[in-house]
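Student: Position chain X against the provided structure of chain Z, taking the given hints into account.
Residue numbers (our numbering), protein chains in the order written: chain Z, 736 to 1065; chain X, 736 to 1065.
Do not rely on the hints blindly, as some may be mistaken.
Same chains, same label: a pair holds when it works inside one copy or across any pair of copies.
Unchecked claim - Lysine-lysine pairs mimicking DSS-like chemistry, simulated, CA-CA at most 25 angstroms apart:
#1 Lys879 to Lys1051
#2 Lys737 to Lys935
#3 Lys1065 to Lys934
#4 Lys956 to Lys1013
#5 Lys956 to Lys935
Derived from the structure by calculation, the hints contain no laboratory data.
Note that the structure is a prediction, hence the values are computed from the model and not measured.
Each chain is listed here by its residues.
There are 2 protein chains.
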Amino acid sequence: MKKIMNQEENVMEETLQGFIDAYAADYERVDGVNGVIYRHMDPDKVSVITGGGAGHEPLFVGFAGKGLASGAAMGNVFAAPNPDTILEVTKAVENKAGVLYIYGNYAGDVLNFDMASELAEMEDIETRTVKVSDDVASASKENKEERRGIAGDVFVIKAAGAAADAGLSLDEVTRIAAKANENTHSIGVGISPGTSPGKKAPMFELPDNQIEFGLGIHGEKGIRRAEMMSADDLADEMLDHLLADAALESGDEAVILLNGLGSTTLMELLIVNQKVHKELLAKGITVYDTDVNSYCTTQEMGGFSITILKLDEELKTYYDAPAHSPYYHK
Amino acid sequence: MKKIMNQEENVMEETLQGFIDAYAADYERVDGVNGVIYRHMDPDKVSVITGGGAGHEPLFVGFAGKGLASGAAMGNVFAAPNPDTILEVTKAVENKAGVLYIYGNYAGDVLNFDMASELAEMEDIETRTVKVSDDVASASKENKEERRGIAGDVFVIKAAGAAADAGLSLDEVTRIAAKANENTHSIGVGISPGTSPGKKAPMFELPDNQIEFGLGIHGEKGIRRAEMMSADDLADEMLDHLLADAALESGDEAVILLNGLGSTTLMELLIVNQKVHKELLAKGITVYDTDVNSYCTTQEMGGFSITILKLDEELKTYYDAPAHSPYYHK
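Chain Z extracted, bound-state conformation (with noise of 0.2 angstroms):
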């Protein structure tokens, strides 16, 4: 697999730095470390800040912005970004609200985003944090807390920058992205690998007539292996999982999101999204707004996640208020 780039060493370095010359009128890095900060911010406000590996993008960095994050905390490609790193971004940002972490759920993250926390409260910045467990392919119902997060991380950082935006306390904001994330359903599949960048071979195999189905956004295993099927079947198997463990119901309103995986073509997710339309519309669920497009990648995987985010009026107010970033628009 070819990749364009230069040396290994310098990938993290070189993607920060071409995204600060793209739009450095809105971000500036922090210095000495893989950190993005949005300039504009509010100092009377919260702040969020997201991150994660790297290697998704435009998540993370992509999604600080106006009504989204306030900042952006990188590891190296599929490595969590160390505590000093978060720290750095954390006094980056306005800070006297306090600081909300959203991160998906990944143990090397919880480790590190948690040491920052502590390293922050020693520099007396308050923070919370909300661990986005969407992935519904990743652990039971029963132990939601154990999920991965996946493309639900856009729900979570949507909610939680609105409701920082709207002058929310810290507790408030952290209550408003709990309850997105406990809304937020995902599931996944994989029809083919992506590679990391200065690696030979690719995440992992999978033939050509085959498929993983719920899988993960590093390559971790799905459900199961299932024969390569139609875009109607693969909406329609992905519901039933989603639609039950999100006990959504006839008369319920939700918001979606057919993420792509890398490679896999708007045209392919627009396909998909016309049964998941229909179906959806049978089940007398009324899908208040849709959005196709490649926010949370694996490199130039294959495949797509639908992502469903149940809505109640308060969701719905944070939801609807404006945000943009250079990735993401509302």
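Tutor: Same frame as chain Z, now just chain X:
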């Protein structure tokens, strides 16, 4: 290559249905043809219609929107829209003030848009045409009018949509679009092929250590096959071609679009961007704005293009005007 789809003959129908399902508040389908229009256009203003073969998503459908095109006429995958499709879209948009067709310069598109233009004239709808011809690898500088259109479509549609939104006459909108095209130069590089929906074989073959320098967006041959090179070397060589052709000099202002062709990751595009910025800075060229995204794709083709729009004060005005669609924001 696996594709997430249903029957091959339904690909376009389901793609457009998926788009309308997702974005029904802003877009509607044109009855009976593969066309889409933006709902909120001013009846007294000029309409811009774009279109071409499908398979390049989000172009062209995703470039109908506020301050952009009023509608998109789509063919099947990599096939020009037929004259009837273009005519029906022309009749569906606001057309009292006239309609400007903007599309990439390919024989089939030229033939069919010209025929649609004659049919529209018979229905007393005035039309003009600007063919996008930004690909410097596809013909010599002296034969600019023979060049193909690639990602430069974005800048030409943007300028024309803004000029239409500003209330300019059909002739003036046409002049602005033609000027944007004159000032837009692109070059692409392919590192791996894409596959059309329903086809078993990829669009071309490329050994793992080679790239196609100057590749077109349907797999057209470029200037030469080359050994795979670093991101920095690629950027250097592409800029050499572009700057000479665009006659960009120290003191000039330009907008840069780094456009991924499908499976090339945002990380790779950002890495290229840091080198592009470094070189332009060294040459005294002011980068007025940068966009790093995948707007004009070729299924899951690997590679990217660099597009440079040379600005003057007039083009800057139209570039700066607000625009939005689900896939483009300004």
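Student: Run through the hints listed earlier and report the numbers of any the structure violates, in increasing order.
Tutor: When the structure is compared with the hints, numbers 3 and 4 turn out to be violated.
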